[in-house]
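Colleague: Residue numbers (our numbering), protein chains in the order written: chain A, 1 to 145; chain B, 1 to 284; chain C, 1 to 780.
Simulated from the structure, these hints should not be mistaken for lab results.
All clues stand as given, with none of them false.
DSS-like cross-link-like pairs, simulated, lysine-lysine; straight-line CA separation at most 30 Å:
#1 C:LYS279 to B:LYS39
#2 A:LYS62 to C:LYS142
#3 C:LYS66 to A:LYS88
#4 C:LYS68 to C:LYS142
#5 A:LYS28 to A:LYS88
#6 C:LYS142 to A:LYS83
#7 C:LYS68 to A:LYS83
#8 C:LYS68 to B:LYS39
#9 A:LYS139 to B:LYS26
#10 C:LYS142 to A:LYS38
#11 C:LYS11 to C:LYS589
#12 A:LYS47 to B:LYS26
#13 C:LYS403 to C:LYS432
#14 C:LYS142 to A:LYS47
#15 C:LYS770 to A:LYS2
#16 C:LYS142 to A:LYS88
#17 A:LYS28 to B:LYS26
#18 C:LYS589 to C:LYS566
#19 A:LYS83 to C:LYS276
Which chain B residues stay away from chain A? Per the calculated CB distances, all over 12 Å, these:
#20 LEU14
#21 ASP23
#22 ARG282
Estimated spans, in silico, between C-beta atoms of each pair:
#23 C:ALA451 to A:VAL51: 56 to 66 Å
#24 C:LYS150 to B:VAL143: 49 to 59 Å
#25 B:THR13 to A:LEU92: 53 to 63 Å
#26 A:ALA96 to C:ALA451: 46 to 56 Å
#27 B:GLY19 to A:ARG45: 35 to 45 Å
#28 B:ARG53 to C:GLY758: 51 to 61 Å
#29 A:GLU14 to C:GLY72: 54 to 64 Å
#30 C:LYS773 to B:VAL143: 43 to 53 Å
We put the CB at the ideal spot given by N, CA and C, even for glycine.
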Amino acid sequence: MKIAGSAKLPFAAERAYAVMQDPLVLAKAIPGCDALEKTGEDEYRLKMKMVLASLSGSFEGKVRLTDSNPPRSFRMLVEGSGKIGFMKGDGLIQIASAPDGGVDISYEGDAQIGGTMAAVGNRMIDMTARMLIKRFFEKLAAEPA
Amino acid sequence: MIANPFEYSTPATLAEALGLIADGAKPLSGGMSLIPMMKLRLASPEHLVDIARLPELNYIREENGELHIGAAVTHYDVESAPLLCGKCPLLAETAGHIGDIQVRNRGTLGGSVAHADPAADYPAALQALEAKIVLRSAAGERVVTAAEFFIDTFTTALEPGEIVTEVVVPVEPGLTGTSYQKCLQPASGFAIVGVAARVRRDGANFGAVQVGITGLTGTSYRATAVEQALVGKPATDETIRAAAAHAADGVEANSDLHASADYRTSLAVSYTTRALHSALSRSA
Amino acid sequence: MSTTFAPSTTKLEKLVGKRLRRREDPRLITGTATYVEDVKLPDMHHAVIVRSPHGAADIRSIDISKAKALPGVVAVFTGADIVGVGTVPCGASLPGLRRPDHHILAQDRVYLVGHPVAVVVATDRYIAADGADLVEVEYDIKQAVTDPEKALAPGAPAVHSQWPDNVAFTFHQNGGDIDAAFAEAEVVVKQRITSQRLVPNAMETRGVVADWKTNDRSLTLYTSTQIPHLARTLLAGMLGIEENRFRLIAPEVGGGFGSKLNVYSEEALTAWVSMKIGKPVKWIESRRENFMVTIHGRGHVDYFEIAAKRDGTILGLKLKLIQDLGAFHQLLTPVIPTLSVLMMPGLYNFRNIQAEVVGTFTNCVPTDAYRGAGRPEATHGIERMVDILAAELGMDPAEIRFKNFVRPDQFPFPTATGLNYDSGDYANTFQKALDTIDYHGLRKQQAEARAAGRLMGIGISTYGEICAMGPSVATPAGGWESATVKFEPSGKVTVLTGTSPHGQGQETSFAQLTADELGVPIDDIVVLHGDTSIVQYGIGTFGSRNTAVGGAALFYALQEIKEKLKKFGAAMLKAEEVELGDGVCLNPKTGESVTVQEIAGAAYRGVVIPPGMDPGMVVTKFWEPANFTYPFGAHIIVSEVDAETGDIEIKRYVAVDDIGNQLNPLLVDGQLHGGAAQGLGQALWEQGVYDDNGQLVTGEFMDYTMPRARMMPWIESSHTCTPSPVNPLGAKGVGEAGTIGSTPAMVNSVVDALSPLGVRHIDMPLTPEKIWKLTNGRNA
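Pulled out of the complex, with its shape left as it was, chain A reads as follows (with noise of 0.2 Å):
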């Protein structure tokens, strides 16, 4: 599945870069993250705990960052897996600096999930990616400036 998709952040494009490389800012906003260790050169090991209406179940996975070109652009690779599935998000992020100050983001990539999720959740899949992505950018706005 393809995602891609737009985003506003209130901050400088160095500052922007820098909340989103920033584990524990990445570990608040990634929406139902419990743990986010570092286990090597931006690599690192990801808990969360998916929770959507009735649906909940415990992934465990990796969070990578590469292609890091600052404060432009880097690729972002999610993968995690648990009882209901798995899933894999591999995507570039881009950023450009706002007329008003901010920056726009714009993330282009792919998103697999397997499993039980995907077999029987197709219709939810894609409004849930693009929920979940939403709240992940909202958490980051909150991040001071």
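For chain A, the structure is supplied; the task is to place chains B and C on it using the hints.
Modeller: Just chains B and C, lined up with the frame of chain A:
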């Protein structure tokens, strides 16, 4: 297709149920969404509290120009209760579109509303009716509007420990025409797009109009751009067509196997047109 | 003994041809039938299977310790444990066929989502499910490939590493002189036509109960199958057990549609687990598993080319057929596309064909026989191509069909694919359909509708099919069928059929036939099937063969038992010549008679045994057909398309089917209606969709659109009858006709509706969105 082990309680009173829910139990109100999720092990609540059996939540009554519907009223009862058919036909008509007869016999108004499935039928009608949703927890009660209640995909104003206990809809003023038009996803029976319209005439013009849309995006919404394009304008096909074109204004449409975002958007316009036509024809 | 019996005075009504209600229905609709899930044995254990969530992955490790530690879990087995168990059998014998080892539990790699990796056995099904959740499997995920054309492209991931081209076989069938036909052609039209994966979805999922008795070396296996005897033979081979100590019972089977014409890993696995733990074991397939791991149907990408003269005469047909086989071969997986090739010519009189089948591995569940099995794909292809040719030539689609039909005087008609069509009058049947629907009036209405901007379509399908599988030479395990007729000493009659009806209604129709032949009240007749310890060996139920092959075997058994009744009757009446009819054996000279029941009783008591005869009154007959049968018909669908939303409305559906003689027209209607529902399902709604990673995204009824009763049109059904000369009943078979005839009629109708927009072809299913994209929301 076998759920994880769970505890199941059938409290006799709402107070008792709210106590269990405050302690972390999950309310079960018909189970038309929750039970399949549990059988697939996508949901594994440890404790279910069956609130659909509470007599305190099973009523339909008229008070002060409003209709109060308990959360445990089944879709079938919403669809067929004479009080609703006569005084709030939009809600009754909408309930008749839900799932199939087995689902309507078991599923409840409160359960569906609290679940907030983005493709559920009720939210369109509740938005158009400017319904009030009564929320209750062990700590007390509060009332929110439908517009405040439905926040995002499966996301509502419900706080932990809180349940929907009642839905309040207006007694439809005479002369109002209402209609719910749905493009059905043929496998699941959910709405690809569902549009609820309420129309009053003001002479040859549109008077007040409310339009609620479900299925198009992550949550239901009031199509205010459509409403504004109608109010005070001549009640004609041209006005409707021009107004309905705004059905998806500012909305990012969903995409799935059954309908891409573009197609859904087009359907939203078509079904808004149909709902407005139908509602207008039913208004006096 | 006395011979002064009073002759029967109440003559029994003849039942063949009557619309008798099914005798099996009361138990089915009151919930008192016994399906596999209803079988409960003392100390029965339960198995739940751990399955791969990945389309392709290497198994790094499997940790069963937590599962084994769960109280109530008795055993956990993985691929390492199943040493000595045979692989899942495939009955195909195509030259050069590549056969991947299809183990009942994955060894070191998984090849599809749902691939069984481990089995957890517990005292209770719930505990087994909890245990399955505790099995931890580490996978090294590999790139899957799920689209057969992508699988054939250079550089595609190899499903099986030993065959990097993903080709399981190529099969060629040529007839006549295709080059000459195309050289002579004045017009050639080409079209890529797909036939999407379908999920059979029988109402009852699969299920197995295995009961191994160690001391007796005996196995009783209850399984939801269409082929009890063949399954026993094949499973005995896989498990290394003796066939005479292996009783296989197909209890009530809640639908199959071909999906239970198979031998599955779970049947062998459940039996093997029972042998390992020495207890009865039950495994019941969940609906999720049914979607994932029970065979799918169809799965074609076809490239057609048709050569014709300007006057519409078809000269020849070329086909390249890419069959999505899935990851493994189930029982008949590679055979199914070859059936498509056989029926490529349809009802048309041309003799030049060239077909190439490329069987392609994908990381998907295997395809195999699903109602129609190869013929719906062929019929859809040829019926679409004829319409496309008609459009190219500006001819009426009815006219072009009349021009090319095989004529009645050409039967038996040898086809370009080596078949021999038995009988028919295609033009007559088609004309009846056209008259019923007022074809010419409809075309006028259509012109008016088009002038008014409405999109109305008329779709024709004149289909032919190959049924009554079949002569043994053409059927991997034998194509005959068996029947036993026995009188009990009390005069009641038991029929044992080697077919395995599971919804087709032979408990009724075979009793009708028996009642008429023997003159016995139908209530005195019981038809048994599906238990290898009760019924003589049989082939089973598939390929529209129950009546035309199994019924014929029964007919011959009945003739033989009638002869025996006459001999015994003559001895009892001390007559040289007797007449047998209406349940009575009569000495025409004296008027003395005995009833068949009395004869049967005497034959068991051995009171009078005619010279050269044996006592008892039992006859078993195995019967081999000399040919297939070839039912045919014409289906016409009138539709209207809503350009704004893409919705399709079926306005009328007329079906005229020629299935030869009918034992019970009510059952025939049921078969045709159900078949049409499945055919319309393919045309309009159903699709098994895998994503690129091997996930089946239509994995439940939430997204897989099964036709509902409310979605069905009224079907105006009637018949013509050209009896089949192949069997004494003159029956051709009807199990698959509706599925085969309906699909192209529906698609042709919608394409016809959209033809003013320049549309020549639409691939199935015709979802509203596809239509909307073509109409571009014209009225919006």
